[in-house]
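Asker: Spelled out, the chains give:
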Amino acid sequence: MTAFAERPARSTASLRHRLAERGIDSSLWLMVPALVFALALFVYPFSYGIGLTFQPSLATQEQWGGGVLANYVAFFRDPFVFDSIWITMRLALPAALFNVVASIPVAMVLRRKFRFKRLMTSVLVLPITLGTVLTAQGLLIFAGRQGWLNRFLLATGLVDQPVQLVNNYTGVMFSLIITGFPFAFLLVSSYLSGIDPSLDSAARTLGAGWWQRFRRITLPLLAPGLATTFILTFVLAFSVFPSARLVGDAMGSTRVMSLMAFRAFGEQNDYAMASTIALMMGVVELLVVAVVLAWRSLLYKGSTGGKG
Amino acid sequence: MAITAGTFSSLELRDVGRSFGGHQALAGLDLTVRAGEFIALLGPSGCGKSTALNCLAGLLPLTHGQILLDGRRVDTVPSEKRGFGMVFQSYALFPHLTVEKNVAFGLQMRGLPRAEVARRVAEAIGLVKLQEHAKKLPGQLSGGQQQRVAIARAVVLEPSLVLMDEPLSNLDAKLRLDMRTEIRRLHQELGLTTIYVTHDQEEALSLADRLVVLREGRVQQIGTPDDLYDHPRNWHVADFMGYRNILAGDVVRGGAGGGEGAGAATVRVGALTLHGRTVGEAGAAGEVRVAVRPDDLTVLAPGQEPRDGNAVEGVVAVVEYHGREFAVVVQTADGTTLHVRTPVAPAVGETVRLTAAAERVLVFPADLTSAPAAAERAEAVTAA
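Note that the protein sequences, when read in sequence, are chains A and B. Using the working numbering, the first residue of the first sequence is number 1, and each one after it goes up by one. Using the working numbering, the first residue of the second sequence is number 1, and each one after it goes up by one.
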């Protein structure tokens with residue numbers, strides 16, 4: 001009995017208020033649709049896929065051994081599959097880096113007021129609406145061996161032979177930049193607008209030139225946003241599939257992971273191996289994301305004084 | 001060596017103007033600032049005072065005129081090379097840098113040796129009494145402390161000129177008074193030359209050696225605080241100098257005599273007739289504005305004679321307690337609202353009679369755009 005007496009007095013507030021204090025109230029019902037979708041379309045299929053990776057086909061087991069882990073053994077031992085990690089990285093990392101870095105000056109210029117600002121922004125963002133397939137189609141028509149660009153270059157005598165711009169690494173890189181840049185640009189712009197412009201003015205009155213202002217003030221405040229932007233464009237580029245197939249060299253220099261997964265699934269009917277490749281794709285992406293987030297955690301992430 | 005102000009003898013603004021598109025935000029600003037002076041630019045929002053400050057800082061290019069420092073043009077020098085210190089309304093502290101690093105920023109930009117940077121930063125932080133907060137980020141400080149950092153960051157560079165853009169407007173009333181004293185102390189201690197933008201006449205009157213009153217981008221009057229307080233040039237300046245009762249009327253008799261400006265005039269305001277003193281070119285007839293301070297109006301005791309024949313009857317609408325006195329709002333029969341300060345509180349709803357000495361009733365021409373601006377410019381030049 002005495003033990004009870006020492007407890008703090010029970011709150012006299014109603015149960016409803018006490019629950020609300022811990023974040024439990026009727027607004028939680030708003031989560032239901034999202035939860036249903038997440039369970040039905042992500043959690044279940046994902047778990048099912050993980051399960052599949054441990055049910056290797058007989059052929060895989062015979063070729064690579066390893067029992068239930070045969071798919072993983074195959075993934076790491078088969079250079080044809082394993083090398084696709086580097087092939088994908090070689091595309092996704094430079095593409096994401098370029099998109100983020102190139103967005104910074106463009107976003108900074110478009111932050112100022114000038115004529116045709118709206119038009120410029122629209123032109124830069126428009127490719128978002130195209131989608132990867134249409135972009136690939138356009139690239140083939142524009143930059144293919146018989147495309148306008150090559151015909152123009154040949155006609156003006158700048159080149160003797162058509163330049164190979166598609167059906168190789170360059171073609172996929174172009175497509176990744178065309179589709180990824182608008183995303184990066186929009187994100188960087190919004191991060192930039194969150195920085196109070198009077199900080200730049202203050203730095204000017206303190207004697208800082210434009211590079212010092214960028215290096216010491218804008219960049220440090222923008223860096224966490226750049227990290228986030230990099231992660232998003234990287235993930236977007238890493239899962240490249242249509243352009244790798246349409247404007248790339250699907251069995252050679254652009255033999256990306258998603259193509260390997262599709263090949264296992266569509267051509268070899270090996271669902272288990274396809275799931276394994278897809279899962280490893282996720283693991284590689286998460287590794288890169290983890291590295292970037294770890295770096296981001298070292299940065300200043302507080303208020304940047306702006307409206308954002 | 002202690003922090004001191006950069007030395008110069010005079011800063012001259014010649015016909016400075018700035019337009020945005022077709023809109024003139026600032027026009028024909030002539031002003032000569034002597035070293036060590038504290039100048040306040042005073043006016044309502046949108047009067048061009050912040051534009052003037054940004055032009056001085058080099059953050060806005062001039063569309064007209066010149067700025068000269070000891071005869072050398074500085075309006076063509078980029079902001080980062082001007083060496084003027086600026087304190088922003090939003091403080092504009094670098095949020096990712098500690099107090100120390102914020103203050104050190106300008107010194108580092110000048111490439112000073114590390115030891116000297118450290119010494120001067122410590123000194124500036126001591127000056128604004130923030131020693132124990134030196135390692136904190138601006139986000140961890142209160143508004144008043146942030147303001148001190150902003151001031152330290154500006155004065156550590158020993159600028160020839162310190163520009164302050166409504167630095168106290170984001171602080172609460174008590175802190176504002178403290179910081180006001182602080183700013184004046186620093187100004188005197190360091191021998192700074194300060195140009196201070198505000199919309200608060202009390203702030204301007206208490207801080208500044210000279211005031212520049214602006215309206216719609218044009219100078220209305222330049223003068224010392226007591227000059228402006230006692231002799232406002234037009235009714236807009238009067239309005240800013242605490243003449244809360246500004247009434248539209250017509251001159252019935254009298255008016256400016258001989259252009260000297262201090263003639264007696266009788267003015268009809270609605271149903272009232274008031275006797276006052278004309279300022280400027282209030283004509284023998286025509287539209288005028290009558291300005292009276294709340295403290296110059298007195299509530300008449302029953303049987304007391306009104307002064308100079310100025311008697312106004314009205315009903316007490318609001319009584320506010322202000323410590324030693326009461327602020328009373330009186331409504332006359334024709335709907336005119338008058339503000340009065342009185343040591344004795346009348347009851348709300350009571351009918352009272354008010355009076356004012358003719359000497360204290362100022363009669364201005366209603367038109368603000370006429371002569372004063374040009375006259376002002378001439379005076380500003382000679383004042384230098």
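Treat the hints loosely; a few may be bogus.
As the list claims (entries may be wrong) - DSBU-like, lysine-lysine: derived pairs with alpha carbons at most 30 angstroms apart:
{"id": "1", "chain 1": "A", "residue 1": "Lys301", "chain 2": "A", "residue 2": "Lys113"}
{"id": "2", "chain 1": "B", "residue 1": "Lys81", "chain 2": "B", "residue 2": "Lys101"}
{"id": "3", "chain 1": "A", "residue 1": "Lys113", "chain 2": "B", "residue 2": "Lys129"}
{"id": "4", "chain 1": "B", "residue 1": "Lys129", "chain 2": "B", "residue 2": "Lys101"}
{"id": "5", "chain 1": "B", "residue 1": "Lys81", "chain 2": "B", "residue 2": "Lys174"}
{"id": "6", "chain 1": "B", "residue 1": "Lys136", "chain 2": "B", "residue 2": "Lys101"}
{"id": "7", "chain 1": "B", "residue 1": "Lys129", "chain 2": "B", "residue 2": "Lys81"}
{"id": "8", "chain 1": "A", "residue 1": "Lys301", "chain 2": "B", "residue 2": "Lys101"}
{"id": "9", "chain 1": "B", "residue 1": "Lys174", "chain 2": "B", "residue 2": "Lys129"}
{"id": "10", "chain 1": "B", "residue 1": "Lys136", "chain 2": "B", "residue 2": "Lys174"}
{"id": "11", "chain 1": "B", "residue 1": "Lys135", "chain 2": "B", "residue 2": "Lys101"}
{"id": "12", "chain 1": "B", "residue 1": "Lys129", "chain 2": "A", "residue 2": "Lys301"}
{"id": "13", "chain 1": "B", "residue 1": "Lys136", "chain 2": "A", "residue 2": "Lys113"}
{"id": "14", "chain 1": "B", "residue 1": "Lys136", "chain 2": "A", "residue 2": "Lys301"}
{"id": "15", "chain 1": "B", "residue 1": "Lys135", "chain 2": "B", "residue 2": "Lys174"}
No wet-lab data here; the hints were simulated from the structure.
Asker: Given the hint that B/Lys81 pairs with B/Lys174, test it: the Cα-Cα distance must not exceed 30 angstroms.
Answerer: 37 angstroms, violated
Asker: Check the hint pairing A/Lys113 with B/Lys129 against an upper bound of 30 angstroms on the C-alpha distance.
Answerer: 41 angstroms, violated
Asker: Quick one, are B/Lys129 and B/Lys101 close enough, alpha carbons at most 30 angstroms?
Answerer: Since the Cα atoms of B/Lys129 and B/Lys101 sit roughly 16 angstroms apart, the hinted pair holds (cutoff 30 angstroms).
Asker: Does the alpha-carbon distance linking B/Lys136 and B/Lys101 stay inside the 30 angstroms limit?
Answerer: 10 angstroms, holds
Asker: If you draw a straight line from the CA of A/Lys301 to the CA of B/Lys101, is it 30 angstroms or shorter?
Answerer: 17 angstroms, holds
Asker: For the pair supplied as a hint, A/Lys301 and A/Lys113, confirm whether the alpha-carbon distance does not exceed 30 angstroms.
Answerer: Between A/Lys301 and A/Lys113 the Cα gap is close to 28 angstroms, so the pair holds against 30 angstroms.
Asker: Mind checking the alpha carbons of B/Lys129 and A/Lys301 for me, to see if they're no more than 30 angstroms apart?
Answerer: 28 angstroms, holds
Asker: Hint check: B/Lys135 vs B/Lys101, CA-CA at most 30 angstroms. Holds or violated?
Answerer: 9 angstroms, holds
Asker: B/Lys136 and A/Lys301: Cα distance at most 30 angstroms?
Answerer: 15 angstroms, holds
Asker: Are the Cα positions of B/Lys129 and B/Lys81 separated by 30 angstroms at most?
Answerer: 29 angstroms, holds
Asker: Between B/Lys136 and A/Lys113, is the straight-line Cα distance small enough, at 30 angstroms or below?
Answerer: Roughly 35 angstroms separates the two Cα atoms, so the pair is violated.
Asker: Holds or violated: B/Lys81 with B/Lys101, Cα cutoff 30 angstroms?
Answerer: Roughly 20 angstroms between the alpha carbons, so the hint for B/Lys81 and B/Lys101 holds.
Checked against the numbered hints given earlier, this structure breaks hints 3, 5 and 13; the rest are met.
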